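Guided by the hints, dock chain B onto chain A, whose structure is given.
Protein chains: 2
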Amino acid sequence: MQPPAGKTPTLSAMTTLDRSSARRGETDYLAALLARPQARVLVVVGGKVVIRSNADRTAAQLALFHLADLPGPTPSLEAMQFLGVQPETGAAVFAFALSPEDAARRDPTGTMLAPAVDIRSLAMQGVLPAADLSLAATAVALVNWHDEMRYCGRCGGVMESNDGGWKRVCTACGHNVFPRTDPVVIMLVTDGDRCVLARQPHFPDGMVSTLAGFVEPGETIESAVARETEEEIGLTVEGVRYLASQPWPFPHSLMIGCIANAPHRPLSIDPAEIESASWWDRGDVRQMLAHKHPAGIWVPGPHAIAHWLIARFADGEL
Amino acid sequence: MQPPAGKTPTLSAMTTLDRSSARRGETDYLAALLARPQARVLVVVGGKVVIRSNADRTAAQLALFHLADLPGPTPSLEAMQFLGVQPETGAAVFAFALSPEDAARRDPTGTMLAPAVDIRSLAMQGVLPAADLSLAATAVALVNWHDEMRYCGRCGGVMESNDGGWKRVCTACGHNVFPRTDPVVIMLVTDGDRCVLARQPHFPDGMVSTLAGFVEPGETIESAVARETEEEIGLTVEGVRYLASQPWPFPHSLMIGCIANAPHRPLSIDPAEIESASWWDRGDVRQMLAHKHPAGIWVPGPHAIAHWLIARFADGEL
Chain A
733 MQPPAGKTPT LSAMTTLDRS SARRGETDYL AALLARPQAR VLVVVGGKVV IRSNADRTAA
793 QLALFHLADL PGPTPSLEAM QFLGVQPETG AAVFAFALSP EDAARRDPTG TMLAPAVDIR
853 SLAMQGVLPA ADLSLAATAV ALVNWHDEMR YCGRCGGVME SNDGGWKRVC TACGHNVFPR
913 TDPVVIMLVT DGDRCVLARQ PHFPDGMVST LAGFVEPGET IESAVARETE EEIGLTVEGV
973 RYLASQPWPF PHSLMIGCIA NAPHRPLSID PAEIESASWW DRGDVRQMLA HKHPAGIWVP
1033 GPHAIAHWLI ARFADGEL
Chain B
733 MQPPAGKTPT LSAMTTLDRS SARRGETDYL AALLARPQAR VLVVVGGKVV IRSNADRTAA
793 QLALFHLADL PGPTPSLEAM QFLGVQPETG AAVFAFALSP EDAARRDPTG TMLAPAVDIR
853 SLAMQGVLPA ADLSLAATAV ALVNWHDEMR YCGRCGGVME SNDGGWKRVC TACGHNVFPR
913 TDPVVIMLVT DGDRCVLARQ PHFPDGMVST LAGFVEPGET IESAVARETE EEIGLTVEGV
973 RYLASQPWPF PHSLMIGCIA NAPHRPLSID PAEIESASWW DRGDVRQMLA HKHPAGIWVP
1033 GPHAIAHWLI ARFADGEL
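Sequence order for the protein chains is A and B.
Position in the first sequence (first residue = 1) + 732 = my numbering.
Position in the second sequence (first residue = 1) + 732 = my numbering.
Don't take each hint at face value.
Pulled a few chain A residues facing chain B out of the computed Cβ check, cut under 7 Å [unchecked claim]: (1) 950; (2) 951; (3) 979.
Pair by pair, the computed Cβ-Cβ distance ranges are [unchecked claim]: (4) B/803 with A/808: 21 to 29 Å; (5) A/785 with B/1033: 55 to 63 Å; (6) A/1003 with B/908: 20 to 28 Å; (7) A/833 with B/970: 47 to 55 Å; (8) A/810 with B/1004: 16 to 24 Å; (9) A/887 with B/791: 52 to 60 Å; (10) B/1033 with A/894: 44 to 52 Å.
Derived by calculation from the structure, the hints in this document are not laboratory data.
Please read all numbers here as calculations on a predicted model, not as lab measurements.
All C-beta atoms, glycine included, are put in the ideal place defined by N, C-alpha and C.
Just chain A, same shape as in the assembly (with noise of 0.2 Å):
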């Protein structure tokens, strides 16, 4: 199912593969897979993916490599990660971590898997395909939670990957985990003329957001809206409106994007997340997309879901 274009933030594209999720625990599907020619290999090196960019930079695409064509020795199935298959070709795409140290001894030169950028980054920038972008997440929410969980938190033994990446089992007590994804909350505060915009201490210079949380246990959506609302801002939320929601791997979360309304009234700042916070019209609001406001104030980005939110507000759809 594709998302209508425009109405759903960048990272929410879907991949076009087929993650064959029934079929990961087959250790002799997934050698197959691997063994075909048309198979592809997406290098993740300490937590950047590796890609290939046009000589001005303007854009890019994921390095996809063939397993014989990677420098180094061949990595075995139990060290990589199986993202899917593509419909169209049967190629299945793995991906394969390596730490920067490992990267070096690998490609002494540097020109096979550098440059390896920061999702982040290329999220901003806009560089890469949709279904590269949404690729690439997966793959990096899957290799930070590897990373996170190579002991056994019930007795301390060492884990081991298992089912294509997607299940860790202790050596020790074969206790099973799956990959971890964290739910957060990201609400665009509204009084229906009026939005509220706030600085975190650690934004960039005069960037603006939405407000945003985790769900806690024993929270529904709604009431991690309207916890995080009372603590950040001071004000009791009227009602939550879900709009969309988009994967965000740092580490490994889900951006569950909602609409809050909330009366009119003058803000109470929680000082230890928020640095300052103001109700703004859709005017300044229109300037902050378009990096016009008067004060230099600005948003986040197409890639992130608190652009599309603000930009939802800024157009009169919300």
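Chain B in isolation, oriented as in the chain A frame:
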């Protein structure tokens, strides 16, 4: 924000507790709350919550102990999870988890720490007030997570509880982890007039329900709904609409309830996940909801978001 009655599933009801999440890191604040006479402790024994029932077991409430009334040694602040503060009374509520063996040592006669009841039964029986159920769900999800993160996934070191139980920190490498919540899509597939209900092999006799599955890394809510529907029953989804969500502490999920529109075609079932699945019209579904279907087929009760999705379809609200 209290959702309108009847419009959201049971476990979605918000507790009236203020989670005070910004102050969880202040040990002095938590210690002072625990020292106040109105502080209360909810006890979790082997993953089950301790309750008090009336004589005929038609109603129950959580057993919320004064710290001084807990049998056995007084637990330290570090051994408990801080759930929040009741705004009216200023009473802080903490969760304290015990193994069945520890509970038996503390309460040899089994009068104080029994009965401990699993939260799924409590939800199904509908005997616990919604706020109690929501509180218990938070406690059990948090306790389940602590149990899974005794050791550091990065280095294998021992982790210890911090921030009132909302963070675990590795004593060896300092790695921080936060409570895990797994986003799960649960979707009623409908062509407008009929809906698909399916049986999983482990369901009780005669029970059917909606489809469901984990949101995977790199997916949106909508793409997870489309993938799971394709995988489980072979239908291509034409549209997805989010309706409501529900925390589900088994072990720590967030159920994201959606309607998925699909064409009325024969179903192609994945036997690994689904035992059987069929299209049903509103008349059949109403009989299932009332436990009056001639074939003895029934659907989950009002504790589950599946019931709520199915009931809205039956009422023609979708």
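Status of each hint after checking the structure:
1. 950: The hint holds - residue 950 of chain A has a Cβ within 7 Å of chain B, the shortest such distance being about 3 Å.
2. 951: Hint holds; residue 951 of chain A Cβ to chain B Cβ min 6 Å, cut 7 Å.
3. 979: For residue 979 of chain A, the interface hint holds, since the closest Cβ of chain B sits about 5 Å away, which is under 7 Å.
4. B/803 with A/808: 21 to 29 Å: For residue 803 of chain B and residue 808 of chain A the Cβ distance comes to about 54 Å; the hint is violated.
5. A/785 with B/1033: 55 to 63 Å: holds, 56 Å
6. A/1003 with B/908: 20 to 28 Å: holds, 22 Å
7. A/833 with B/970: 47 to 55 Å: Given a distance of about 49 Å, which is inside 47 to 55 Å, the answer is holds.
8. A/810 with B/1004: 16 to 24 Å: Because 22 Å falls inside the window, the suggested range holds.
9. A/887 with B/791: 52 to 60 Å: About 41 Å separates the Cβ atoms of residue 887 of chain A and residue 791 of chain B, which means 52 to 60 Å is violated.
10. B/1033 with A/894: 44 to 52 Å: Once the Cβ atoms are compared, 36 Å apart, the range 44 to 52 Å for residue 894 of chain A and residue 1033 of chain B is violated.
Hints 4, 9, 10, counting from the list given before, are not met by this structure.
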